[in-house]
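A.B. asks: As you go down the protein sequences, you meet chains S and G in turn. Under the working numbering, the letters of the first sequence match residues 1 to 309, in that order. Under the working numbering, the letters of the second sequence match residues 310 to 416, in that order.
No lab work stands behind these hints, which were simulated from the structure alone. These numbers come from a predicted model, not from an experiment. Here a beta-carbon is modelled for each residue, glycine too, at the ideal position from N, C-alpha and C. Some hints could be false.
Partial chain G-side listing against chain S, Cβ under 8 Å, derived [to be verified]:
1. Arg-344
2. Leu-373
3. Lys-403
4. Ala-404
Some residues of chain S that are not near chain G, with every Cβ distance over 12 Å (derived) [unchecked claim]:
5. Leu-38
6. Pro-103
7. Ala-115
8. Tyr-259
9. Val-288
Covered stretches of chain G (chain S as the covering partner; in silico rule of three or more C-beta atoms under 8 Å from a C-beta of chain S) [said to hold, decoys possible]:
10. 316–323
11. 327–334
12. 392–402
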Amino acid sequence: MGQSHIYDMIVIGGGPGGYTAALYAARAGLDVLVLEKLSAGGQMALTGEIDNYPGYENGIDGFTLGERMQRQAERFGARTEYAQVERADLVSSPKVLETSEGPYYGKTVVLATGAGHRELGVENEEALTGRGVAYCAACDGMRYKGRTVVVVGGGNSAVADALALSRIARKVILVHRRDTLRASKVYHEPLRKAGNIAFCWNKTVTELLHEQTVTGVRLKDVNTGEETVVACDGVFISVGRKPATELVQGQLELDRSGYIAADETTRTSLPGVYAVGDVRTKLVRQVVTAVADGAAAVHMAEEYLAGGV
Amino acid sequence: MGATEMNKEQFQRSIAGNRPVLVEFWAPWCGYCRRLGPAYEKIAQEYGDRLIAAKVNVDEEGQLAEAEGVETIPTLILYRDGKALDTVVNPDSKAAIDRFIQKALTV
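Pulled out of the complex, with its shape left as it was, chain G reads as follows:
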């Protein structure tokens, strides 16, 4: 399954659940976000059994992005039990996202 676009309510329900949630904060005008797209979809497929991969459009969910402390995009945040475990800004390879997830989930 690919990454799911979420609004504020879906996001809040999702991170309160019992699976870790990876969220990409992005916007349609952001070139770096677009470049991340194919690798992020691949991540969503590969980790589909372990976590939920989501996307939040900061243009539509500005309040949420601000509340989550997102200042630059793309920002990836991994949540578990309703809390943010770790954040990475503009990872430059799929391998960097892999490392980020593995490190955050083993803590």
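Next up, chain S with everything else stripped away, as it sits in the complex:
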């Protein structure tokens, strides 16, 4: 198919939200293309086991689940191109996506670019990911049963992670660069009551100590500069998330945290452009909520293509 072809729908990102949109679109008879830069699955491709996606009673690894979603959408005629989108013109008609493989044109666009964890920015952080460095207590917490873990951060998700880990790990050490938590008050009492959560205030992590896996962290006091070493088996980094919105900045309305402003209809501030999954404003970011968005986006796109809203 030539690249001057105009698709009914182009989906940017092959995670669960993206491929569910592609599945619903293909089944609705729409001509749909998924642009994926590396491989299906998005963030879940790096998740060892997913135990909260219904229907897989024994769990399934995220990479396999992603591949299955891809094949399921392709079975109904969706196509995939391994292309990195470099620029997007979402206002023009058709909408234009400039990619590493040339331009693609679509009547509608589904943004399924996802979000990533914010990194701490210390040496070897990436190399040690999965070897003691983790970003998701709900995903990787079970590995640290009866062991000692450090949680870095002071917001709601850091504190929720610390609480979740306190029920699994022997000891949890919460490291925060300020002297008070940013997390809401409702968390403070449970934190005290947990009994196995210690606090390191006014400290930043300057180094990840490791052999094959993490053995500890070096901390620096932000006021005195004094350095200390804390031994641990794992480090959970919870210093925020960043949605992948570089492509649409200046074209679409974002919310105060930088996510694409869209409610559960997935409609964005531009007609014919929908945001699904983690990149959209939402309360709960999970595989199951991402796939729900994919279905909603296609429903809205069908109305739009039929000349409605």
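Given the coordinates of chain S, work out where chain G should sit on it, guided by the hints.
C.D. replies: Chain G only, in chain S's frame:
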């Protein structure tokens, strides 16, 4: 043709040949390697007439990986005339692998 799994002997014979060889050092337990898989197969097909795309399992070929200076995986190294031209660690898109190959081959 897809990427070919190679042991030390095959690797040495292959890089001594007259076609450039792209090698992915990987391991079965490595999530980032697995995620690279589909794009790497696509690269192997698209560049099939210009280079040989290979894979070396670092669990089975630990000595070779060490000798080639591979510390983290996935690592891609492009060889020509028996020498390593350039290295990239954990590229995050197929486009990044394309750029890596094109840059290394034009030097």
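A.B. asks: Take the hints in turn and mark each one as holding or not.
C.D. replies: Hint check results:
1. At its closest, the beta carbon of Arg-344/G sits 5 Å from a beta carbon of chain S; the interface hint therefore holds under the 8 Å criterion.
2. Hint status for Leu-373/G relative to chain S: violated, with the closest Cβ pair at about 20 Å, above 8 Å.
3. Taking 8 Å as the C-beta contact cut-off toward chain S, the hint placing Lys-403/G at the interface holds, the least distance being around 4 Å.
4. Taking 8 Å as the C-beta contact cut-off toward chain S, the hint placing Ala-404/G at the interface holds, the least distance being around 4 Å.
5. For Leu-38/S, the condition that its CB be more than 12 Å from all CB atoms of chain G is violated, with the nearest at approximately 5 Å.
6. Listed as outside the interface, Pro-103/S is consistent with that label: its C-beta sits roughly 14 Å from the nearest C-beta of chain G, beyond the 12 Å cut-off.
7. With 12 Å as the threshold on Cβ separation, the claim that Ala-115/S sits away from chain G holds: the shortest Cβ distance comes to roughly 15 Å.
8. The beta carbon of Tyr-259/S sits about 21 Å from the closest Cβ of chain G, which is more than 12 Å, so the claim that it is off the interface holds.
9. With a closest Cβ-Cβ approach of about 21 Å to chain G, Val-288/S is found to remain outside the 12 Å limit, as its non-interface label requires.
10. With 0 residues carrying a beta carbon less than 8 Å from a beta carbon of chain S, the stretch 316–323 of chain G misses the three-residue requirement, and the given coverage is violated.
11. Against chain S, the stretch 327–334 of chain G contributes 0 residues with a C-beta closer than 8 Å to a partner C-beta. That does not satisfy the three-residue criterion, and the hint is violated.
12. Against chain S, the stretch 392–402 of chain G contributes 3 residues with a C-beta closer than 8 Å to a partner C-beta. That satisfies the three-residue criterion, and the hint holds.
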